[in-house]
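Fit chain V to the supplied structure of chain W, relying on the hints for placement.
There are 2 protein chains.
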Amino acid sequence: MTSIRSDARLQESLVETTRLLSRHRVLETLTHRQAAPNQDLLDSLQQRQNLAELQKHLRVMHAADLAYVLEALAPDDRRTVWEQLRPEHAGLVFVEVSEAVRDSLVDSSSRDDLIARLSTLDPEDLAYVSDSLPEDVLADVSRRLESSDRVAFEDSIRYEDDCVGRYMTREWVALPETHSIQQALDELRQRSTLPAQTDRIFLVDSRHVLRGTVPLQALLLEAPSSPIVAVLREDDVRFGPRDPASDAVRAFERYDLVSAPVVDARGKLVGRLTVDSVMDYVRQASSLRALKDAGLSGDEDLFAAPWTSAKNRWPWLGINLVTAFLASRVIGRFEGTIQQLAALATLMPIVASIGGNTGNQTMALVIRAIAVDRIQPGGARRLVNKELAVSLLNGSVWGVVVGLVAVMLYWNLGLGLVMSGAVVLNLVVAGLAGVAIPLVLHASGRDPAQGSSVLLTFITDATGFFLFLGLASAFLL
Amino acid sequence: MTSIRSDARLQESLVETTRLLSRHRVLETLTHRQAAPNQDLLDSLQQRQNLAELQKHLRVMHAADLAYVLEALAPDDRRTVWEQLRPEHAGLVFVEVSEAVRDSLVDSSSRDDLIARLSTLDPEDLAYVSDSLPEDVLADVSRRLESSDRVAFEDSIRYEDDCVGRYMTREWVALPETHSIQQALDELRQRSTLPAQTDRIFLVDSRHVLRGTVPLQALLLEAPSSPIVAVLREDDVRFGPRDPASDAVRAFERYDLVSAPVVDARGKLVGRLTVDSVMDYVRQASSLRALKDAGLSGDEDLFAAPWTSAKNRWPWLGINLVTAFLASRVIGRFEGTIQQLAALATLMPIVASIGGNTGNQTMALVIRAIAVDRIQPGGARRLVNKELAVSLLNGSVWGVVVGLVAVMLYWNLGLGLVMSGAVVLNLVVAGLAGVAIPLVLHASGRDPAQGSSVLLTFITDATGFFLFLGLASAFLL
Chain W
0 MTSIRSDARL QESLVETTRL LSRHRVLETL THRQAAPNQD LLDSLQQRQN
50 LAELQKHLRV MHAADLAYVL EALAPDDRRT VWEQLRPEHA GLVFVEVSEA
100 VRDSLVDSSS RDDLIARLST LDPEDLAYVS DSLPEDVLAD VSRRLESSDR
150 VAFEDSIRYE DDCVGRYMTR EWVALPETHS IQQALDELRQ RSTLPAQTDR
200 IFLVDSRHVL RGTVPLQALL LEAPSSPIVA VLREDDVRFG PRDPASDAVR
250 AFERYDLVSA PVVDARGKLV GRLTVDSVMD YVRQASSLRA LKDAGLSGDE
300 DLFAAPWTSA KNRWPWLGIN LVTAFLASRV IGRFEGTIQQ LAALATLMPI
350 VASIGGNTGN QTMALVIRAI AVDRIQPGGA RRLVNKELAV SLLNGSVWGV
400 VVGLVAVMLY WNLGLGLVMS GAVVLNLVVA GLAGVAIPLV LHASGRDPAQ
450 GSSVLLTFIT DATGFFLFLG LASAFLL
Chain V
0 MTSIRSDARL QESLVETTRL LSRHRVLETL THRQAAPNQD LLDSLQQRQN
50 LAELQKHLRV MHAADLAYVL EALAPDDRRT VWEQLRPEHA GLVFVEVSEA
100 VRDSLVDSSS RDDLIARLST LDPEDLAYVS DSLPEDVLAD VSRRLESSDR
150 VAFEDSIRYE DDCVGRYMTR EWVALPETHS IQQALDELRQ RSTLPAQTDR
200 IFLVDSRHVL RGTVPLQALL LEAPSSPIVA VLREDDVRFG PRDPASDAVR
250 AFERYDLVSA PVVDARGKLV GRLTVDSVMD YVRQASSLRA LKDAGLSGDE
300 DLFAAPWTSA KNRWPWLGIN LVTAFLASRV IGRFEGTIQQ LAALATLMPI
350 VASIGGNTGN QTMALVIRAI AVDRIQPGGA RRLVNKELAV SLLNGSVWGV
400 VVGLVAVMLY WNLGLGLVMS GAVVLNLVVA GLAGVAIPLV LHASGRDPAQ
450 GSSVLLTFIT DATGFFLFLG LASAFLL
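So the sequence lines, in the order shown, correspond to chains W and V.
Residues in the first sequence are numbered from 0 upward in steps of one, following numbering that gives the first Met the number 0.
Residues in the second sequence are numbered from 0 upward in steps of one, following numbering that gives the first Met the number 0.
Honestly, the hints are just simulated from the structure, not real lab data.
Take the hints with a grain of salt, since some may be wrong.
Identical copies look the same in the list; a pair holds intra-copy or inter-copy alike.
Result set (PhoX-like, lysine-lysine): computed pairs, CA atoms no more than 25 Å apart in a straight line [what the hints assert, rightly or not]:
id, residue 1, residue 2
1, Lys385, Lys310
2, Lys385, Lys291
3, Lys310, Lys291
4, Lys310, Lys267
5, Lys291, Lys55
None of the values given here were measured: they were computed from a predicted structure.
So here's chain W without its partners, still in its complex pose (with noise of 0.2 Å):
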């Protein structure tokens, strides 16, 4: 029996983990220290008897909890709870915690251990990490299904990572559409439960296409003695396997659904999805966004080796220092300006600053509104005129404020006047780039966010160095 805790309860078992596992790293270096035979059989006594709390302690605890303590976890501390775990246990874990994780758990697991604990996952577990196993290891483990899992399982993988096929489950209750209210109630009164989330069943023609869903309050309100399709609801919505998921997040959010069947071309009902692995979907997509903002591939296991980390930051610290280089040489062709009047190097880092953060303002509402599909036809025209008007509002106010400290800072009108122009200039590339990036990248079938934030940054430094130092050699010197 697992049960259920809340956030304060969590910590405290968190707590009591760490506990126990300190205790275990005591106790190991004083068993390797052997004093004394007698004290060291004694030590290896007290130390099974603390792994026997351990797995007392670990036994009731739900797998979404173990799996956010092993995230919380250094990884020796994480391989001892992992090995004290039972295998069925285990591999429900090994769904839950998150991919860096994963990837930590399969490293320090012996082969024939993960494919005994891994085992003993349902197809669609199994094909959601399937992605973090080695390709030998799945295979046995395949083989080790039963027939139809297998056949689950293999048409599981068949989808794409964002599609739908790939999160629904092939649980579900279909009743044939002749039935009635009482038929109903008796056929699922034989079961001892019914799959998870499940508000609503599914009606079935003979031929097993999808005739509608029946919601369960609709058994338990409606006279049993009514044909079941009194409460047929034909209009509900339904999905492809290959529909997008982020389409069947909009309807789940939209309609406020708990659950909904996924039927094939021919209306032929093959899995059901439901609100909880929509959930995980929205929630992963969002928390990886940040880090990919960031550049980083994926997550990152906060306990990784430093080497691992370096190298996952190198992708983009190399594309980063190339741009970097590219907008320097802008400043490189101006370096005799600047030699001569070296407070041109002290303020032009402000135009590009100025400029990267209003276009990143612009590109972050524009990158909603694709998100939440809310760009019409026409719509870009329209919102390249507003970010122009924005950005030239913007760019006469803030260009005279900056343009006014630089007077002050050096009594010098035309270098204060050269200052506005570049900033007025610069916000306008701003807002444009800020409106054009994003919606390139989603037109040419590209996540708009992904290295948006970088090209953006190049742009508006590259231009904001040429206008500030373009603009001051020629009206300067």
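Quick look at chain V alone, frame taken from chain W:
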């Protein structure tokens, strides 16, 4: 009857709305031109017919879909659509639209009209939109509520924005713990409907203290003669109305909940939290996150007037300008050095940029770890050590690369060495700041993401400039 539609059908529906609206605009222009009296009459007849068609089209749409349509329309069209909606329908749509569009609807409605439309809302929905309403409108609407609804409404707005109490509904099914299952079924059948997202009913004792929950499934599957306490689950998650909503999100995710009871300090049932409001909270929080990161106070209507939009972006621009000026003052101290070696001005943005980049990567990871509560006491120190190691590793690798490029550009070995040294040191500063900033913000009770990026960039810019120019002054001149 409002019907649910898929994404593609929703798009069609939007196209149809736009078609009717553009005909409306054309007819309106014609009517105002008043060529001949007869023609005028004809046009106005046509216009009325067109509006009737629009009303008919809108009437069958789901409130969430209408919200989507309103968000995609420009202000004029939005107002036309808004005016065609019946009061109850309009009320629900008002709840579903984004905050920015809600503000625009408030602005474009007459006071009486707004009050009539909002009076149709239930107290929870009214509390949900209360922040967007002028004080006096809210007071008037609240006065029109029935007294029990008014109590519920006033109770709702007592809770903070991010508390469970703000998101809970007051619609639930509670039965006495003394019932048999048959009695429970009979009592349920007397209702014509159950509240949305009812996957479980609540059992209470005679003082209305929550005893536990019973899944609807159990009612269906268990023998009707059993006492209902036989299927009672006492260990289910329950929340307090003042618990942070983010705790509830984690519990709903972890345990795949559909609904959960909310109880006061004495254990009495005061509300019910459902997965749809939890999902709304998640989406709202995560989509506002990207906007907040870019320094926007909140959502912005894509078609807001330029002046409104411009002002929305000012606070952040102001802060950014101040930090940019401060960082540039560091450069100002070295103007003499730059005058002697203008190459420094060319290369210095690279040192700053690579620091900002790695710092942001570290920070994204730490913020994510804080968000999922994965940082334990003592974990901070380990994290600092790890990021220090990563910074030194990355610094050595990329410092050498950057130094080599500098040498190749300027044939100046000393310049290359200074550049390498500055990059290594700035990466160390960036790594430490990337860990420290979100941890300190979090410890002081603030959102670790809000404002962290501008602070980090300021630090990496200022120290980048200082390290590079300082080392150059010391060793090159």
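Structure-based check of each hint:
no.: 1; hint: Lys385 x Lys310; verdict: between (42 Å within a copy, 14 Å between copies)
no.: 2; hint: Lys385 x Lys291; verdict: between (29 Å within a copy, 21 Å between copies)
no.: 3; hint: Lys310 x Lys291; verdict: within (15 Å within a copy, 29 Å between copies)
no.: 4; hint: Lys310 x Lys267; verdict: neither (47 Å within a copy, 54 Å between copies)
no.: 5; hint: Lys291 x Lys55; verdict: neither (39 Å within a copy, 45 Å between copies)
In the structure shown, a violation is registered for the earlier hints numbered 4 and 5, in ascending order.
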